[in-house]
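A.B. asks: As you go down the protein sequences, you meet chains A and B in turn. When we follow my numbering, the leftmost residue of the first sequence carries the number 1, and every step to the right adds one. When we follow my numbering, the leftmost residue of the second sequence carries the number 1, and every step to the right adds one.
No wet-lab data here; the hints were simulated from the structure. No residue lacks a Cβ here, since even glycine has one placed at the ideal position from N, Cα and C. It is possible that part of the hints are untrue.
[What the hints assert, rightly or not] The following residues of chain B were derived to be distant from chain A, with all beta-carbon distances above 10 Å:
hint, residue
1, E118
2, R133
3, S134
4, I155
5, A203
6, T245
[Unchecked claim] Facing chain B, according to a computed beta carbon distance under 10 Å, are these residues of chain A, among others:
hint, residue
7, S28
8, K46
9, A57
10, L61
11, N70
12, G78
13, T204
14, P207
15, L208
16, I274
[Stated by the list, open to error] Pairwise CB distance ranges (calculated):
hint, chain 1, residue 1, chain 2, residue 2, range
17, A, G273, B, A66, 29 to 39 Å
18, B, K135, A, N81, 40 to 50 Å
19, B, E81, A, P131, 31 to 41 Å
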Amino acid sequence: MKPDLRAKILGVELGNPTILASGIMGVSGAACCYAAKNGAGAVIPKSIGPKEREGHANPVLVEFDKGFLNAVGLPNSGVDNSLGEIEFAMKNSGVPVIPSLFGGTKEEFGMVAEKLDTLRPQLIEVNLSCPNTQDDFGLAFALSEKDAGEVIKLVKSKVRAKVIAKLAPNVPDIKTIARAVEKAGADAITAVNTMPGMAIDAKTGNPLLHNKQGGISGPALRPIAVNCIYEIYKAVNIPIIGAGGVTHGEDAAEMIMAGAAAVEIGTGIYYRGIDVFRKVSGELEQLMAENGYATIKEMTGVSHR
Amino acid sequence: MKMERPQIAAIKRVEEEADGIKTIFLNSSMKARHGQFIMLWLPRIDEKPFAVSYASKGEIGITVAAVGPFSEKLSLMRAGEKIGVRGPYGRPYTLAKGNLVMIGGGYGSASLAMLAEEAARKMTRVKFILGARSKSRLVYVERIKRLIGEENLTITTDDGSAGRKGLVTDALKEMIAREKIDKIYACGPDKMLKAVASIGHEAGIPGEISMERYMKCGFGLCGHCCVDPIGIRLCVEGPVIDFGTAMQVKELGLYHRLKSSRKEAI
Ligand SMILES: Cc1cc2nc3c(=O)[nH]c(=O)nc-3n(C[C@H](O)[C@H](O)[C@H](O)COP(=O)(O)OP(=O)(O)OC[C@H]3O[C@@H](n4cnc5c(N)ncnc54)[C@H](O)[C@@H]3O)c2cc1C
Ligand SMILES: Cc1cc2nc3c(=O)[nH]c(=O)nc-3n(C[C@H](O)[C@H](O)[C@H](O)COP(=O)(O)O)c2cc1C
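Modelling step: build the complete structure from the supplied sequences, incorporating the hints.
C.D. replies: As structure tokens, this is what we get:
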């Protein structure tokens, strides 16, 4: 029998478990639709903040031998200008659209979440990997149990949508952060955002990213992400969405087996093309058939047995 | 192995093409085709897309119009100075057979001049319509004459200081009325591209335009150059698109996105 590729997250059904990751391609509603047309089971537009931001100068993305480094600087047109884009995607993509948001303060997260919620999305993702502008060192919210928990708690109080907390991998113990956001009311967790990294032009000594430092995505991030998912699965009772280096069907299977209910794909678009979603789904389906899995649910967390 | 990161190259020479428009030649083993573009990096400043306007063994050229901070800095660079380069990116033009018309507005002729070179090598008949604001902004006049013959070049300027006064589209409409045209190619300002694609589409003549939008990564990940409402990435699925696709890109001639992604009317 053909395996059932459908995935379910908090009651929302996806035709397949591949999701366009936030910040890759999804700058506009039309771009999200383009990913959906190429097989994404759901789409997460680029993170939206309180006001317009240009982001960093170029280069914002550079390759290394096992992945990419990015420091795009969260460009976006501000939540008020972005609502139309999200609405376009919700009307035209034919798949669930999960708006992603960020803020520099807790209050900003709350304000953006409230505005996005007027579009009545079923799910929203909270990007906790941005710097807390009120912290002395601009520490990212995702690096502190307290900050991450407080943001989620505030966002939860402002929206009807179910809330997904997106975590950063560069913490001493991801279980404690996962428990903190679960306790604050998060309905699900995405693991993970990018890992800090840097690359330098060896001929001139210039950092290659304009922002000098950035985040690692792609294959190099995968084992880190799988490990985080594995840890989080043990620590909490809410669903997990995996992210980090999914490029082939096997990679998706790996994350699902570690505990993910679905997987996000970003950088994989570079390696496999825009139809990476269709390719990964096809490969996953074949892998499931060959190894006797009928559903995604049945495969979720099998590595914990 | 090709890696998506800038490689440092030395500027070989700089030539003045027209008022405020220069061509920078770089030492590079890159194999770039007409319609493709490269990203040029000024470390610690920025990195921006430019169409390849010359490509020969060991050397590529780009033609820069000074329109803002980055292009002005680039225009002031001299032989020997170093710059970061990556690419080439994007889809080239597809050269057809028969009677071709190429329409270049401003520095938009950069990519078309390379296409005219290939056409000349293949002995394909080309008529070139070269447009600019005024005489002092015309580029590649001698280069195009050499390639396709003076009689096949039509010049138009907005102020009538060279060639005929008027728009490239006026010249195109007359040509369409006069003779059978097999394919139209155009690169230049957005409104011109919209007009050319519409004229060609209505006349049932196939064609291609090369379109510009704000680009960041250049290889299809950042999504900044996705166009409404079909969402294709101009850096990968473009910048050259056919008339059919151009008619689907409803934002053509109407608006573009700024660095933040906010829309701005054209
Ligand atoms: C595929 C492609 C090919 C191009 N080829 C050429 C060329 O052959 N010669 C040439 O002179 N210019 C070319 N450009 C345009 C060139 O990239 C911009 O003129 C340049 O980036 C302007 O930067 P600035 O700082 O000088 O001006 P700004 O004041 O920053 O901008 C001036 C104008 O350029 C646009 N622009 C700025 N940055 C970018 C960017 N990163 N990507 C696209 N547009 C941008 C702005 O939207 C604005 O309309 C091309 C652009 C694209 C997308
Ligand atoms: C260019 C780029 C931009 C990104 N922007 C965002 C963003 O705006 N919000 C966010 O939550 N994550 C962002 N991310 C992180 C991705 O959503 C994802 O978590 C990460 O890239 C790992 O997945 P991947 O290896 O499949 O790309 C970005 C990643 C990249 C490469």
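A.B. asks: Please go over all the hints and tell whether each is borne out by the structure.
C.D. replies: Each hint, compared with the structure:
no., hint, verdict
1, E118, "holds, 27 Å"
2, R133, "holds, 29 Å"
3, S134, "holds, 32 Å"
4, I155, "holds, 35 Å"
5, A203, "holds, 28 Å"
6, T245, "holds, 13 Å"
7, S28, "holds, 6 Å"
8, K46, "holds, 7 Å"
9, A57, "holds, 4 Å"
10, L61, "holds, 4 Å"
11, N70, "holds, 8 Å"
12, G78, "holds, 8 Å"
13, T204, "holds, 6 Å"
14, P207, "holds, 9 Å"
15, L208, "holds, 6 Å"
16, I274, "holds, 7 Å"
17, G273/A - A66/B: 29 to 39 Å, "holds, 36 Å"
18, K135/B - N81/A: 40 to 50 Å, "holds, 41 Å"
19, E81/B - P131/A: 31 to 41 Å, "holds, 36 Å"
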